[in-house]
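Q: Chains as they are written, first to last, in the numbering used here: chain A, 1 to 348; chain B, 1 to 388; chain C, 1 to 87.
Misleading hints may appear alongside valid ones.
Here are the simulated lysine-lysine pairs, DSS-like style, with alpha carbons at most 25 Å apart [unchecked claim]:
hint : chain 1 : residue 1 : chain 2 : residue 2
1    : C       : LYS55     : C       : LYS79
2    : A       : LYS348    : A       : LYS322
3    : A       : LYS41     : C       : LYS55
4    : A       : LYS242    : A       : LYS328
5    : A       : LYS156    : B       : LYS66
6    : B       : LYS92     : A       : LYS242
7    : B       : LYS171    : A       : LYS242
8    : B       : LYS272    : B       : LYS230
9    : C       : LYS55     : C       : LYS66
10   : A       : LYS348    : A       : LYS194
11   : B       : LYS66     : B       : LYS37
12   : B       : LYS230    : B       : LYS81
13   : A       : LYS194    : A       : LYS184
14   : B       : LYS171    : A       : LYS156
15   : A       : LYS31     : A       : LYS194
Think of the hints as simulated: they come from the structure by calculation, not from any bench. Note that the coordinates shown come from a computational prediction; the quantities given were computed from them, not determined experimentally.
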Amino acid sequence: MATYITSAVLLSPQPTFEGALPEVPFNSRGKHLLCHEPEYKTLIPPARLRRMNRILKMGLATATQCINQSEVKPDAIIVGTGQGCTIDLAIFMRSCSEGVEELLSPIPFINSGHNTLAGRIAMDNQIKGYNMTYLQENTALESALTDAMMSLEEGKSNCTLVGAIDEYTQLSFDLFDLTNNWRKEDTNNLDLLKADAPGTIMGEGAAFFCISNQPTDNSIEIVLSESRLNIGADDTLDWIIKILGNNHLTSNEIDLLIVGRNGDQRHDDALNAPVEQHFQQATIATYKHLCGEYPTAQAFALWMATTTLKGQELPNYCIKRKGTRIPKTILLYNKSERNTESIIVVRK
Amino acid sequence: MRRVFVTGIGAISAIGTNVEENVANLKAGFSQLAPAKLLKTALNIPVAELALTNAELTQMAGIEPKETISRTLLFGLIAAKEAVASAKISGKDELIFINSCTGSGIEVIENIYQTPEQHIGSIPYFHSNEIPLQIIEALGISRCRQFNVSTACSSSANAIMLATRLIRNGKAERILVGGNDALSRFSLNGFNALEIASPTGCRPFDQQRDGVTLGEAGAYLVLESEEAAKGKDIYAEVSGYANVNEAYHPTSTTPDGEGAKTAITEALATAKLSASDIGYVNAHGTGTQVNDMSEALALSHTLGADTLVSSTKGYTGHTLAACGALEAVYSILAIREQMAWCNNRLQQPITEPALNLVTTNQKADIEHVLSNSFGFGGNDTSLIFSKV
Amino acid sequence: MTQEELIEQLKGQIIKNLSLEDLTPGDIDADGPLFGEGLGLDSIDAIELVLLLEKEYGIKVEDPRKRREVLTSIRTMAKFIEANGKA
Chain A
1 MATYITSAVL LSPQPTFEGA LPEVPFNSRG KHLLCHEPEY KTLIPPARLR
51 RMNRILKMGL ATATQCINQS EVKPDAIIVG TGQGCTIDLA IFMRSCSEGV
101 EELLSPIPFI NSGHNTLAGR IAMDNQIKGY NMTYLQENTA LESALTDAMM
151 SLEEGKSNCT LVGAIDEYTQ LSFDLFDLTN NWRKEDTNNL DLLKADAPGT
201 IMGEGAAFFC ISNQPTDNSI EIVLSESRLN IGADDTLDWI IKILGNNHLT
251 SNEIDLLIVG RNGDQRHDDA LNAPVEQHFQ QATIATYKHL CGEYPTAQAF
301 ALWMATTTLK GQELPNYCIK RKGTRIPKTI LLYNKSERNT ESIIVVRK
Chain B
1 MRRVFVTGIG AISAIGTNVE ENVANLKAGF SQLAPAKLLK TALNIPVAEL
51 ALTNAELTQM AGIEPKETIS RTLLFGLIAA KEAVASAKIS GKDELIFINS
101 CTGSGIEVIE NIYQTPEQHI GSIPYFHSNE IPLQIIEALG ISRCRQFNVS
151 TACSSSANAI MLATRLIRNG KAERILVGGN DALSRFSLNG FNALEIASPT
201 GCRPFDQQRD GVTLGEAGAY LVLESEEAAK GKDIYAEVSG YANVNEAYHP
251 TSTTPDGEGA KTAITEALAT AKLSASDIGY VNAHGTGTQV NDMSEALALS
301 HTLGADTLVS STKGYTGHTL AACGALEAVY SILAIREQMA WCNNRLQQPI
351 TEPALNLVTT NQKADIEHVL SNSFGFGGND TSLIFSKV
Chain C
1 MTQEELIEQL KGQIIKNLSL EDLTPGDIDA DGPLFGEGLG LDSIDAIELV
51 LLLEKEYGIK VEDPRKRREV LTSIRTMAKF IEANGKA
């Protein structure tokens, strides 16, 4: 049974919340990028914003917008996150790690629960069906999509809201800086993919998609979503070709390949070049210079694929290698040096 | 729809480091809820802590000692290895791995805050995949599809539901699924700040119950399709499941048990069973006033008044993300032993609504077991395990 | 401090601690109910109010019945502080 994306909303460091990539992308020099946040009070009644931290506001606003834009209303919610609500986790851990374990406010504890967002979306929209959260580093979105597609096939849901969210926090930046994840020098994000230095820049984003078993005028078919842990095996391309085959697709049918290059000189070519070379016919696009690196960044690519299939032309600043065909079938590919790899295919 | 069989189980908790030790202590009515000895905390409230140090657990897990090791990981390794061995499979068999924990080794992460530079060895645990990655490596698996579920206290019940659906729908043949969580200051203080940590030790379904006692555990099941399980010893079938959301409150359940009622009813429907088929209920039963009353109302509304009901949290404490899997193992053992486990520590059972609360372990004819797990965020999950 | 002054101080503390920034002290009726129909507070706010009494005024309120009585309105809180606190 086919499943369709009926609406897609992305909150990112680019002004994408309005529905399209800008003509001139936002750029700045630094080591991280922050979302272009909307005025939350215009989207969510202020009383509901009470006690919410930034990531919950980002998520709830994006989810609300996505529900409003979908013709079919969701009856289930699945959220994927790589890090969850790290700000409140840090606040609560700090407060009880300093030997003072009394008079603690429970709110940061509640807000740091990884499924707090999915629960809040359910509460605010009275969605009482299946409610799931994947906490899964670089492949949380792919797990959420797989689950949603299966729920629709089972007929347990007619429309599932799928989200992917991660936030920048000073704490996670500092910690992963100790393991050399980030650039040592300030970098303009538009120069990131020159990959002329080790490390990348940190980003963030919230993306929500309504996935339905009923096509609408504007809907995009989501064909597959797969991920795996791969400890040291050099068979990524075989794995991709096999999955495409299982879904009755050949490599030649891929018109657009969106890769997760993040500008880290140490890994970028090793992780991406073999796949880029294989899909000879395809246009190759990149995006992490627009949103930075974060665990669920492939959601940015999925949103980009959705807007492209709706007819928006892919801006030149996303294109790494130009092919000749108008994109109808799009493959998203993201591989991390932390042993995860994932692919998503969408088509018109 | 394809049938889904349990072919392997593994469990470590405060009452035992493997399945048989857990069974022995369940039978003996043994539990020890006391202030933490190993966890460093200023809170002087009872917990269900396994009396083995990380060094001892490292040896038991069969891995090289490391300067920084997550106790959550150790629970996961020990129970996952037991489950895999009991299913007689190896790292060479193709499988999917589904894990669940509250964070990924929260008890390690919480040590970083004061002096990050001194805890560089803990930083990998900030990656939410670190624990499953290390478990997979220790099992000798080089490639596999993997999912990590995190829905608070219903996490590993939802993980089992996902595994069951993947097999039923023909998307997998064999899945290792479970959860692990060690005691942490973070969780202990969280429950304490919410004023639902018991000062006296949890007594689920007791009139005098005064809150949750936290525990620690790792528990895993190997689930296989009927074809893959051919010729193997089968512990049970996963026959029913449901997850619903209450959409009511961030941490509290609906007073009338509406969400739990729906989850139980839908689980019965997926199993094509009626209420009278359920021989024993392993309840979520945390020991808080609100949870136990709302769950009792849901049970009395959906099942017959004579169905045997207990919460095993009086033995193990509330093991958070691991409790769904641990209680799945206990439910399966109830079928194997034809024994309804008692509500350990229960003295004055609630009388309204009327429930058949088990006060001493009781031999019974148990064909089907209902296991409930409810989590913050209004997350209600019911699973049904059936005798094969 | 007079009771009215204490009430104004409490309103400010409640707005801050309960993240009610959209309200001003003038919006809050000192005699109106804190929970349900009034300010619409919930069980988590109740915990925050108890923490506020302990942190700012050094008074513990553990008994649930006593809590319900004290946390009826801002005035009942103020009266309780006057009777028991250091304020």
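Q: Indicate, hint by hint, whether the structure satisfies it.
A: Going down the list of hints, with the structure as the test:
As the CA atoms of C:LYS55 and C:LYS79 are separated by approximately 17 Å, the hinted pair is consistent with the 25 Å bound. Only pairs whose Cα atoms come within 25 Å are accepted, and A:LYS348 paired with A:LYS322 is accepted, the gap being roughly 20 Å. Using a Cα cut-off of 25 Å, the hinted pair A:LYS41 and C:LYS55 is violated, with the two alpha carbons roughly 31 Å apart. Using a Cα cut-off of 25 Å, the hinted pair A:LYS242 and A:LYS328 holds, with the two alpha carbons roughly 20 Å apart.
Between the alpha carbons of A:LYS156 and B:LYS66 the distance comes to roughly 46 Å, so the proposed pair goes past 25 Å and is violated. Straight-line distance between C-alpha atoms of B:LYS92 and A:LYS242 comes to about 19 Å, which keeps the hinted pair within the 25 Å bound. Taken as a hint, the B:LYS171 and A:LYS242 pair is honoured in the structure, with Cα atoms around 15 Å apart against an allowance of 25 Å. A threshold of 25 Å between alpha carbons decides the hint, and for B:LYS272 with B:LYS230 the separation of about 23 Å falls inside it, so the pair holds.
At roughly 18 Å between alpha-carbon atoms, C:LYS55 and C:LYS66 fall within 25 Å of each other, so this suggested pair holds. About 32 Å separates the Cα atoms of A:LYS348 and A:LYS194, which puts this hinted pair outside 25 Å; it is violated. Among the hinted pairs, B:LYS66 with B:LYS37 is consistent with the structure: their alpha-carbon atoms are about 22 Å apart, no more than 25 Å. For the hint linking B:LYS230 to B:LYS81, the alpha-carbon distance of about 21 Å falls within 25 Å, and the restraint holds.
Among the hinted pairs, A:LYS194 with A:LYS184 is consistent with the structure: their alpha-carbon atoms are about 15 Å apart, no more than 25 Å. Pair hint B:LYS171 plus A:LYS156 holds up; C-alpha atoms about 17 Å apart against a cutoff of 25 Å. At roughly 15 Å between alpha-carbon atoms, A:LYS31 and A:LYS194 fall within 25 Å of each other, so this suggested pair holds.
The structure does not agree with the numbered hints 3, 5, 10 stated previously, though it agrees with the rest.
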